[in-house]
Amino acid sequence: MRKLHHSLRDFGPAILLIAGLLALWEVVSRVVEMPDWLLPAPSDIGVSFGEAAPLLGPHVVATVTAAAAGYALALVSAVLLAAAIDRWGLARRAIYPLLVTSQTVPTFALAPLLAIWFGFGLLPKVLVVALVCFFPVVVATVGGLRAADKEMLDLVRGMGASDRQLFFKVRLPAAVPSVISGMKIAATYSVIGAVIAEWTGASQGLGLYLLRASNSFQTDQVFAVIAVIALLSIALFGCVELVGRTVAPWTAAKEETAR
Amino acid sequence: MRKLHHSLRDFGPAILLIAGLLALWEVVSRVVEMPDWLLPAPSDIGVSFGEAAPLLGPHVVATVTAAAAGYALALVSAVLLAAAIDRWGLARRAIYPLLVTSQTVPTFALAPLLAIWFGFGLLPKVLVVALVCFFPVVVATVGGLRAADKEMLDLVRGMGASDRQLFFKVRLPAAVPSVISGMKIAATYSVIGAVIAEWTGASQGLGLYLLRASNSFQTDQVFAVIAVIALLSIALFGCVELVGRTVAPWTAAKEETAR
Amino acid sequence: MSPPAGSAAAIPAVALRGVRATYVERGLRVDALHDVNLTVARSEFVSVIGPSGCGKSTMLNLVAGIDRPSAGEIAVDGRSAIGRTGLVAHMPQRDLLLPWRTTLQNAVLGPELRGETDREARALAQLDRFGLEGFADAYPHMLSGGMRQRAAILRTILLDRDTLLLDEPFGALDALTRGEMQEWLLSIWTELAKTVLFVTHDIEEAIFLSDRVYVMTRRPGTMKLELRIDLPRPREREMTTAPPFVEAKRTLLRSLLAETQR
Amino acid sequence: MSPPAGSAAAIPAVALRGVRATYVERGLRVDALHDVNLTVARSEFVSVIGPSGCGKSTMLNLVAGIDRPSAGEIAVDGRSAIGRTGLVAHMPQRDLLLPWRTTLQNAVLGPELRGETDREARALAQLDRFGLEGFADAYPHMLSGGMRQRAAILRTILLDRDTLLLDEPFGALDALTRGEMQEWLLSIWTELAKTVLFVTHDIEEAIFLSDRVYVMTRRPGTMKLELRIDLPRPREREMTTAPPFVEAKRTLLRSLLAETQR
Amino acid sequence: GEEAKEPASVTLMLDWVPNTNHTGIYVARDFGFYDDENLEVSIVEPGVSGVAQAVAAGAAEFGISFQEEVTLARSEDVPLVSVAAIIQHNTSGFASPADRRIRRPRDFAGKKYGAFGWGPERQVLTALMQCDGGDFNEIEFVDIGAIDYFVAWERGDVDFVWIFEAWDGIRAQLQGFELDYIRLTDLDCIPDYYTPVLATSETMIAENPDVVQRFVRATARGYELAIDEPSRGADTLIKAVDGIDADLVRASQDWLSPRYAEDADKWGWQTRDTWQGYANWLVSYDLLANTINPANAFDNSFIENA
Ligand SMILES: Nc1ncnc2c1ncn2[C@@H]1O[C@H](COP(=O)(O)OP(=O)(O)OP(=O)(O)O)[C@@H](O)[C@H]1O
Ligand SMILES: Nc1ncnc2c1ncn2[C@@H]1O[C@H](COP(=O)(O)OP(=O)(O)OP(=O)(O)O)[C@@H](O)[C@H]1O
Ligand SMILES: [Mg+2]
Ligand SMILES: [Mg+2]
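Residue numbers (this note's numbering), protein chains in the order written: chain A, 537 to 795; chain V, 537 to 795; chain H, 5 to 266; chain Y, 5 to 266; chain B, 19 to 324.
The hints are simulated quantities; they were obtained by calculation from the structure and are not laboratory data.
Every value quoted in this text rests on a predicted model; they were computed, and no experiment measured them.
A virtual CB, placed ideally from N, CA and C, is assigned to each residue, including glycine.
There could be a bad hint or two in this list.
Unchecked claim - Covered, in the sense of this in silico footprint (three residues per stretch, anywhere, with C-beta under 8 Å from a C-beta of chain Y), are these stretches of chain A:
| no. | stretch |
| --- | --- |
| 1 | 665-676 |
| 2 | 752-758 |
Said to hold, decoys possible - Taking lysine-lysine and the DSS-like style, the derived pairs with C-alpha atoms no more than 25 Å apart in a straight line are:
| no. | chain 1 | residue 1 | chain 2 | residue 2 |
| --- | --- | --- | --- | --- |
| 3 | H | Lys-253 | H | Lys-228 |
| 4 | H | Lys-253 | Y | Lys-228 |
| 5 | A | Lys-686 | V | Lys-686 |
| 6 | Y | Lys-228 | Y | Lys-253 |
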């Protein structure tokens, strides 16, 4: 009961705000008679969502699979790389700029090459998602690892901790809030990353569906798919938020007693 | 002299690594006689960069203008919004989810609407860049603001600080490392954001040029433009890094005495 | 220098009546204070001693308005101070120097918040007296434990409030620096007619400085003894061997001792 | 309990010879230590006192291997300890409890690093003795200043090293808790034949606990006096009024006083 | 017309990267034909966004579209109108390397088709197979996205793809790549249709017929020049577009120039039959949600007065 009440307090305002905005949109599109093909009213979108829903299943599965796999891959490799970067000054100076470079390559431009190298299946999509999600987590984690209190590090090193232990007992816990920040940013990008990857060649997935709807001027379907994408992303974001609260109880506590 | 030496030490490994990778790539593509369309050799890319360079000037200017303007806009509004979110719990609960949602909408789907509302000029590009850059800065800043030491906040509030002062004297400085992390992530996205924005309709810009090269399967030109995009992004990233060191000397100091 | 007479005396600088404080966090419920009554008259110097963890810091936090009591009344200058900050100058037990500010910048935080302009000059002039000469531009992590504490004291003084709440301000100082700081504190207390509520774990320090000393029980803390120190002002080091001093020390020690053996 | 005789005595547990330490940071150059010589024999209890900021903590950091001297030699058990960590148990001046660990988890950090399994039980058993009963699962920000310090002491003891470096371990404790902790420290020192290098700002504490006491000059710190404390073991509280104690106190005080007036 | 020409500025949105389909437009711009009409024209390249919506909503006054796009758009009530056919006949078709031995639709069976993700793609192939006596289900679909066909062929990812002869067909020739090419108009399975076309919105025609007229007139002059003098047309395009493949443009232009207005009295002319025939075909394959009135989908009046 308390939990429920708690989450209502948490999400109530957002739901209200979104409901309000939707209502406004509905009213405006009725009043100015905006054509459907340009910007359909929320109610129209709802209707066509209802129509499309039974068809969407396999597309959702395809996209979510790519997004989740890519996200997990990104997370693991990002934290490992961040650890390496933090551990070896040389790695930081050598790899970090490369990493930055990697982010500046438009996925879309690389996609044909990825397809040539890895085929048209799940793999290139997973890689695109991983590429997109990887970076925010690395940057945030490196930042967090660096911010660990020098004196605490000295203390624990002085206690005879190995570098490995130092990492797991001090650096990583100190970096947890930053890692969570990075994971949140990445979570938002994962689904849309999968969608973009699908635009470069796919036989199933929300990206493909979106493209088809858009090419046949079914703007209401386009928006319905966008809504699905948004919901999926928010669900993932919410999971990360939840995980964050669970793994870092000391920060949550701090927050609760604040003001 | 010392500064020079310093930056050589900083960037030397990265330059060496990149040079090494390029050399490897060159050798491999010569040895296995990799066809150009699969992956052109760096020397070919260099040649076609040389050819394209005189043409690129106005495209670079267009893209950089959009990227820089959008980045600046994002930065200012992100910090302001983060402050509001941090200040009013209601704002956090109401706006944050909306913000997350905003990130999950594919720009492409919005392109016709953006074009209708803002035309094909600079404005819609600036907005797209701002939208892309905005989010990492907000998330990181909110994270940083929240992580401010509760006891320090209490102390300074106890000294009679107004909420405004509390924000500027404690929360914001405490959040600076996080803000810088967010700004770095955003910096990498700004140029690519402008490129993507140009894909929604433009008469000039690197995105346009890239699309032309890609659609005519001029893989070497594609890579030449990607190289330009990467260089621009890295330059911006470097600026942020520099700014970071300047505005947060206490963290830099910490780092220098470490190990 | 005992509590002054006259109409103003009717209103104490600090008054706590029936104050209770309970922390509930992560399933742990701690009754920190239980029915605390305490008054500090204007321009009076009052010390509080008690076993570690009995709630001394909690009490100062309540008076400073940082925390709220679960019951009872707290007044500063006759008006309720519950949840109201900025009325007193509070020096917390952990020095809490802001890591992104230099020693000087930390010291002038108070005047800066008030928008004063000559603050840096005033603070610089005092750094010497606090043994911080040459460290104006050093960040906190470059200071020794005692130096951090002195910087925190300077910051508290520059807040320029009538009432000071000091939480073990000299805890990290060696005997001599401590003696110097005590004398300096007494001098500004006299000069500027400040009111001081002082937490310490050093019984001699409490006697040497105070008009009255409170002794607290173990947690949940409450006042178990209130002792008036009848030593003349100005206080001199030699007084520490005088019979009234030794007598006070014995009384306080015995009262504290009873707590440990409870 | 003065330094033991025999062949092992030739190798001191801790030895500093000609040690200098200089900090250079952000344009500030601080000579913290200047030609420091000090030895602690096996199973000896040695205290160091000196003015705030004279370099006591710096010296312990050097011995613990956290910082490196700019000149001189440092040996632990006869082997160079420069830059080598893990040889001794070091309790720094700031408690540095890890904020993401509960009291119990902080306390067992040492055994945990060594991979021991029965650690929690052992630590739990000791929480009582440290007045931390009921706070096993509390995070550090939920503890009082003195409780944090006690948790840090427990953590240091559980490290289970032959040599302890303690940097003002009782600084935040009231007189009584402090007395208890002192006696407890002496008891484990005797029982387990530990070597202790102890920094304090309390002269009486130094005398009460130690075989020898060093006095340091102001910054840049160096040893100006080494005093053997000829009080019998086991030490009793009554000894603090005995003539040798009072004599030692006077000597140390005078030596320190000269520093302040320099 | 001799009436005073109000200055106007318009945006034209291309359908893809600039190529020889667009030569007339660049000629009209760079030879001052638009200036003659007192029009200031800015050419916008579309990237990935929909031309039809942008034009219909008035974000761009004109756009390059296709008959199939206009038809689909109209069936969804998007008020798009074609005002000129840029090429009289459909020059697209199915290409495959000669060694795959794909000479007619029936040969598609058992082969891999490199799909690009357009909705009616499957139905077109179904129709072709039916028409030539093959089974659509025997075609293997591979979505190749943005991959170069030549690469996909060489690697064996696909066997045949749908291309424009004027661009990719010529490109193959230039590279000495031997292709088998099945031109859609050579088969009697799918009605001929206009691809690409010059489109504007109903609103534009209703409110600014004069501007539309002037724009179409100038554009027609551009294409006529490109028809008469392919090499000047090609040079204009090469000069106007950074980084374009000059050899390909020249060869393509030589091939395409005579075809812009092939079999028609006038460049740009459209017939009702073509529009009706294609719409009927779409309906018969269930590709149109709602039937359209072909008469509203195109407007010859501006070409008439050009
Ligand atoms: N990182 C640093 N950069 C510059 N100076 C430093 C740094 N760390 C310590 N110091 C200086 O070294 C000197 C000795 O410091 P140390 O902490 O050893 O003193 P201490 O004897 O322990 O004093 P206290 O009794 O106050 O704790 C001080 O003047 C301090 O300012
Ligand atoms: N946030 C909190 N949650 C739970 N308990 C708390 C919290 N803060 C303080 N306490 C508890 O309140 C009690 C009183 O703490 P306080 O800091 O006031 O003690 P103190 O008298 O100042 O002790 P010391 O002399 O050791 O500083 C302690 O038992 C402490 O554990
Ligand atoms: Mg306290
Ligand atoms: Mg110290």
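For each hint, the structure was consulted:
no.	hint	verdict
1	665-676	violated (count 0)
2	752-758	violated (count 0)
3	H/Lys-253 x H/Lys-228	16 Å, holds
4	H/Lys-253 x Y/Lys-228	33 Å, violated
5	A/Lys-686 x V/Lys-686	20 Å, holds
6	Y/Lys-228 x Y/Lys-253	16 Å, holds
Checked against the numbered hints listed earlier, the structure breaks hints 1, 2 and 4; every other hint is satisfied.
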